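What follows is each chain in one-letter form.
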Amino acid sequence: MSRTALGMPAVRPVHGHGRLHTAVPFPEAAEAELGNTQMRANIRHATHTIRGKRARVVEELPDWEELRSAGSAIKEQVMAHLPELLEQFEANVTARGGTVHWARDAEEANRIITGLVQATGSTDVIKIKSMATQEIALDDHLEAHGITATETDLAELIVQLGHDRPSHILVPAIHKNRHEIRDIFLEQMPETDESLTAEPRDLAEAARKHLREKFLSTSVAISGANFGVAETGTLTVVESEGNGRMCLTLPETLITVMGIEKIVPTFEDLEVFLQLLPRSSTGERMNPYTSMWTGVTPGDGPQDVHVVLLDNGRSAVLSDPKGRSALHCIRCSACLNVCPVYEQAGGHAYGSTYPGPIGAILSPQLTGITSEQNASLPYASSLCGACYDVCPVKINIPEILVHLRDEDVRTQHGERSDDGAAAAPARTRRTPKAPSQMDLLMKGASFVMSSGRRMALAEKGLPLGRVVAGKDRAISWLPGVVGGWTDERDIPAPPRESFRNWWAGHAGETDQRLAADGAAGPADVPHDRPGDAQPVDAPHDRPEEDR
Amino acid sequence: MSTAHTEAKAEILARIRGALHDAPAPAPAARTYRRTSGRAGAEVIEMLEDRLVDYKAGVHRETPESLPGRIAELLGASARYVVPAGIDTAWLPEETAARRAIADPNDARTPSALGVRELNAVDAVVTSSTVSCAETGTIFLTGRPDEGRRAISLVPDHHICIVPLETVVELIPEALARIEPTAPVTMISGPSATSDIELERVEGVHGPRRLDVILLG
Ligand code: SF4
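If you read the protein sequences in the order shown, they are chains A and B.
Residue numbers are given in my numbering: position 157 of the first sequence equals residue 158, and the series is strictly consecutive.
Residue numbers are given in my numbering: position 110 of the second sequence equals residue 856, and the series is strictly consecutive.
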């Protein structure tokens with residue numbers, strides 16, 4: 002809505018591709034993952050442990066809220082001045098002997114990186130854990146061109162050797178227990194034998210031995226970056242194991258892939274983010290190692306240094322004033338650890354490289370909400386608000402979720418498209434499909450969440466998860482979700498009536514509101530549930546406080 | 747620059763400018779968080795010590811007189827260890843037949859520079875440091891002559907790091923203000939560690955598994 006008021010963007014947003022799409026819609030994927038009890042137990046243990054540690058080290062800082070505010074304000078500045086900052090960054094990297102490349106999408110980034118590796122003559126690269134390279138599915142592309150990429154982060158190595166997928170941003174192999182990891186190592190690492198125990202210490206030692214020769218002999222490394230400083234051209238990588246330092250120091254060629262949103266204006270700004278990130282992420286006062294480098298340092302470290310600046314849908318995210326703050330994310334994973342939905346469903350259900358609450362707002366914005374499968378992601382939340390409370394850069398994830406749900410509902414009804422226009426021309430709208438149950442139910446959710454009073458009501462009754470689940474209770478773990486919610490929230494009063502009755506009373510109202518907004522009217526929506534078609538307790542305008 | 751570079755850059759910048767069609771003008775960041783320490787020096791040193799112990803680093807307080815003896819003890823009787831060429835040799839223990847310091851010229855292009863395999867074969871490394879942040883227990887190396895190039899403090903399995911007391915500050919903003927941004931910076935907060943397996947912390951993966959910090963003053 003605000004978009005039309007503010008005028009049409011000159012350039013249409015271009016969305017991203019890569020490992021951003023779920024193969025199956027979230028509710029189905031989540032249901033399948035629920036059968037994996039090992040995964041759920043491990044994730045639960047991990048999220049609870051890390052969030053306890055986080056809370057303790059955050060408590061320790063008297064100025065945590067001031068740091069959060071500064072972090073959020075700096076990121077807003079970054080977004081408002083992104084073109085100038087990127088150009089300044091490029092100029093500084095170039096002046097210090099580095100080379101900057103620009104990649105419009107995943108495909109272009111992969112092509113550039115593959116070309117750079119091929120130019121070195123090497124067919125082996127070592128990698129530092131990087132979400133950007135996961136997002137563009139770089140390893141697949143390299144493999145297709147005869148280049149072997151070895152992940153050097155322990156968890157990423159476990160995932161890679163196990164032909165698996167990461168399940169958490171910070172601890173990607175947390176769904177595997179020590180015995181499973183031992184089995185993977187035994188099978189995949191030629192240096193190991195039956196004497197390998199399942200003790201984490203022994204397993205870490207095996208990984209050290211396995212990778213040491215690689216570090217000493219591989220001439221090309223690929224990394225991501227946590228921050229890129231425009232003022233100086235400095236790149237920063239935050240890590241724990243020292244595999245990052247190995248990759249950043251020993252090879253001759255270093256290629257860094259960085260999303261355009263990772264820029265910060267000044268070196269001074271790092272003083273904010275280097276306090277916010279470790280405490281929010283691992284729950285430590287500081288991670289064991291942080292490396293910074295600026296172009297080439299003669300006689301120290303890689304002498305052939307490249308940075309690939311990646312758009313891949315980020316500029317499209319930026320085009321939505323209500324959703325763009327998703328780009329402020331510093332990938333700490335705190336929001337995953339407090340999310341009751343993530344805790345139950347695990348990281349795999351989100352499909353995308355970005356799981357959890359941040360994934361639920363970032364993936365669909367990167368790909369466009371018209372992406373059929375990702376359109377379900379904004380519903381993968383109970384809107385309990387815990388993610389907002391812990392976010393070190395104060396991203397209002399619940400608000401963006403509600404906004405995206407609204408966008409999705411409107412998209413499905415041809416009111417808007419992803420090209421930035423508020424009213425979609427018919428040609429760009431999503432292939433019309435029979436309004437799904439999700440669709441119908443979400444109209445209800447969007448109605449509830451569009452009003453603070455209704456939202457307060459909903460928080461009292463906790464039924465929003467049920468709205469998402471649908472009447473067939475496809476997401477049968479909802480009681481668990483609500484249980485998780487109550488872990489984080491005080492629930493003042495139990496609901497006075499069942500959601501079913503409540504919903505019945507409001508279904509018609511939702512349609513009215515949508516009709517008033519210019520959305521498809523009730524005729525468009527099959528009322529496949531008896532209660533919906535016949536509101537049992539009209540009138541609709543009765544005070545919500547009564548509920 | 748190539749045409750592909752120019753085209754991609756122009757298009758990305760145009761996309762971003764288009765995306766900022768509402769011309770957001772956010773307020774500048776208020777730096778109301780702590781930027782200067784209010785604590786006494788001794789308290790700050792104690793805080794650093796506490797954090798380092800928490801990270802499972804060895805921590806030792808020495809004077810210039812006691813320093814060489816401590817380094818000798820930490821190295822053990824027989825050790826080949828690397829030092830940056832710019833280190834104060836008065837800090838180092840006497841050479842014996844079995845214990846020998848190898849000076850690295852801090853420039854990999856120099857013929858006497860140690861190769862990675864040679865570094866992998868030495869027992870330890872002794873370096874100085876630029877600044878340390880007490881609140882987070884973080885030591886900053888910035889490639890100065892008495893700290894060496896990055897590889898020497900990375901590949902050997904035992905890092906003995908000297909922290910002169912006057913280089914200790916309390917806060918991260920104070921520490922960052924003391925370093926040259928374009929230098930190769932390594933921030934070290936304890937030995938290498940991982941919690942990737944069932945969240946059980948294991949010290950020592952790829953970086954030096956043993957970190958000894960000597961507070962010198
Ligand atoms: S959204 Fe916030 S809490 Fe979640 S990963 Fe990003 S920065 Fe961390």
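Just so you know, the hints here were simulated from the structure itself, not pulled from any lab data.
Note that the coordinates shown come from a computational prediction; the quantities given were computed from them, not determined experimentally.
Note that beta-carbon positions come from the ideal geometry of N, C-alpha and C, so glycine has one too.
Hints should not be assumed to be uniformly reliable.
Computed beta-carbon distance windows for the label pairs [stated by the list, open to error]:
id	chain 1	residue 1	chain 2	residue 2	range
1	B	ARG924	A	THR50	31 to 39 Å
2	A	HIS180	B	GLU912	23 to 31 Å
3	B	ALA769	A	ARG202	49 to 57 Å
4	B	ARG924	A	ASP184	29 to 37 Å
Going down the list of hints, with the structure as the test:
At about 35 Å, the CB distance of B:ARG924 to A:THR50 agrees with the hint of 31 to 39 Å. Remark: the range hint 23 to 31 Å for A:HIS180 to B:GLU912 is contradicted by a beta-carbon distance near 51 Å. Between B:ALA769 and A:ARG202 the beta carbon distance is about 55 Å. The supplied range of 49 to 57 Å therefore holds. With their beta carbons about 48 Å apart, B:ARG924 and A:ASP184 fall outside the hinted range of 29 to 37 Å.
The structure shown violates the earlier hints numbered 2, 4.
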